[in-house]
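Engineer: Going down the list, the sequences are from chains R and S.
For what it's worth, this note's numbering labels the leading residue of the first sequence as 1, then goes sequentially.
For what it's worth, this note's numbering labels the leading residue of the second sequence as 1, then goes sequentially.
Simulated pairs of lysine-lysine, DSSO-like, Cα-Cα distance not exceeding 27 Å: (1) Lys57(S) with Lys42(R); (2) Lys42(R) with Lys17(S); (3) Lys68(R) with Lys56(R); (4) Lys17(S) with Lys57(S); (5) Lys57(S) with Lys15(S); (6) Lys11(S) with Lys42(R); (7) Lys42(R) with Lys111(R); (8) Lys57(S) with Lys11(S); (9) Lys42(R) with Lys15(S); (10) Lys71(R) with Lys56(R).
Footprint (simulated), chain S over chain R, 3 or more residues, beta carbon under 8 Å: (11) 21-34; (12) 37-44.
Think of the hints as simulated: they come from the structure by calculation, not from any bench.
By construction, the Cβ of each residue, glycine as well, lies at the ideal position given by its N, Cα and C atoms.
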Amino acid sequence: GESVGLHLPTLSVQEGDNSIINCAYSNSASDYFIWYKQESGKGPQFIIDIRSNMDKRQGQRVTVLLNKTVKHLSLQIAATQPGDSAVYFCAENPAAGGKLIFGQGTELSVKP
Amino acid sequence: GAGVSQSPSNKVTEKGKDVELRCDPISGHTALYWYRQRLGQGLEFLIYFQGNSAPDKSGLPSDRFSAERTGESVSTLTIQRTQQEDSAVYLCASSLYRSNQPQHFGDGTRLSIL
Numbered sequence: 001g002e003s004v005g006l007h008l009p010t011l012s013v014q015e016g017d018n019s020i021i022n023c024a025y026s027n028s029a030s031d032y033f034i035w036y037k038q039e040s041g042k043g044p045q046f047i048i049d050i051r052s053n054m055d056k057r058q059g060q061r062v063t064v065l066l067n068k069t070v071k072h073l074s075l076q077i078a079a080t081q082p083g084d085s086a087v088y089f090c091a092e093n094p095a096a097g098g099k100l101i102f103g104q105g106t107e108l109s110v111k112p
Numbered sequence: 001g002a003g004v005s006q007s008p009s010n011k012v013t014e015k016g017k018d019v020e021l022r023c024d025p026i027s028g029h030t031a032l033y034w035y036r037q038r039l040g041q042g043l044e045f046l047i048y049f050q051g052n053s054a055p056d057k058s059g060l061p062s063d064r065f066s067a068e069r070t071g072e073s074v075s076t077l078t079i080q081r082t083q084q085e086d087s088a089v090y091l092c093a094s095s096l097y098r099s100n101q102p103q104h105f106g107d108g109t110r111l112s113i114l
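So here's chain S without its partners, still in its complex pose (with noise of 0.2 Å):
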């Protein structure tokens, strides 16, 4: 079956604009995770999503970024007025819902700030 999907996989804007990447998850599964990998590190958490309960926003790292998420379904994280220092890849993962489920991650977006 389809993995995460996210888009677009690479996006170069100016440092001030606004940015919006998408993530489809799995289906079925109804936890997803948005996280930030720099070059060369290991995986920074951002946002996690379950059901209809308030999102885990505690990895976000300032209120420029923000994040949505349609029922079960698409989620989008927006940074605003981006940085040079927001340089990274994001990537996004899902995994059901039960205790001690693997989350599985799509290939990322690559974002580079100008």
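The following block holds chain R by itself, in its conformation from the complex (with noise of 0.2 Å):
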């Protein structure tokens, strides 16, 4: 069926470097696609979100690329921090303003 995966369950990186959160989708109709970071207790907090129409997009400290030639997505948050370990995933959104459709996660931990 239908899915959104990820590369890497975990992944671990010195506080200070560059985090790189991959992500393969199975939707080739799929027209938006958002980041989330889930932090313990909590619920899915938006970090950024890409339409189709675009293969990249920058907000703060983080920018979200597209490749709908391979259909992948990725996340790449510069200068990470402690306050920046979570659960990342990503989803998509195969009809406008419907479900999303979500990975499995990427748990992220940052080391002092």
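Build the complex: two chains, separate frames, hints provided.
Structural biologist: What follows is the structure, given as structure tokens:
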């Protein structure tokens, strides 16, 4: 069935380094993608989104890259901080305004 | 402004009992979604409400699950005759109903079935 998957279940980085979290999606009709951050005991927190007519979008310390040719999405976090430690989910929206399809998540651990 | 509010934050109940979970969306958000998250996993879509349109119930796992929404306000998710496999965090999200708008989540209800 349709799925959004992550290449790495865990990622450990040193404080100050850049982090890259990858995601593959399977529905070529998806036109909207979102990255969420989820801390323990909390709901997912919106980080950044990108529409399929773009291949890159930047936020504060975060950049999302979209490669529609290979159906790949990545989240780059610059100068990773201990507060960035969390589980990161990518999600795709295959139908405007409808449900999101989530991947399994990548746990990011930042070492001081 | 206030975010999505869910209650209770935790619920422990015995197998076979019915439970009702509540969600208050962000004011002005016409779309409301329920998801389920099992331990260590991603989110599974359950149901989606948009205005007066018929809800998308395609993610409900069985007829023990149902949900209602009052206008464009509060929603309740009801699970009847709970089973141990229903143990999970139930998350609610809301969004503006325009194409490609992010969904904003509450902190969920952690449901434990004994």
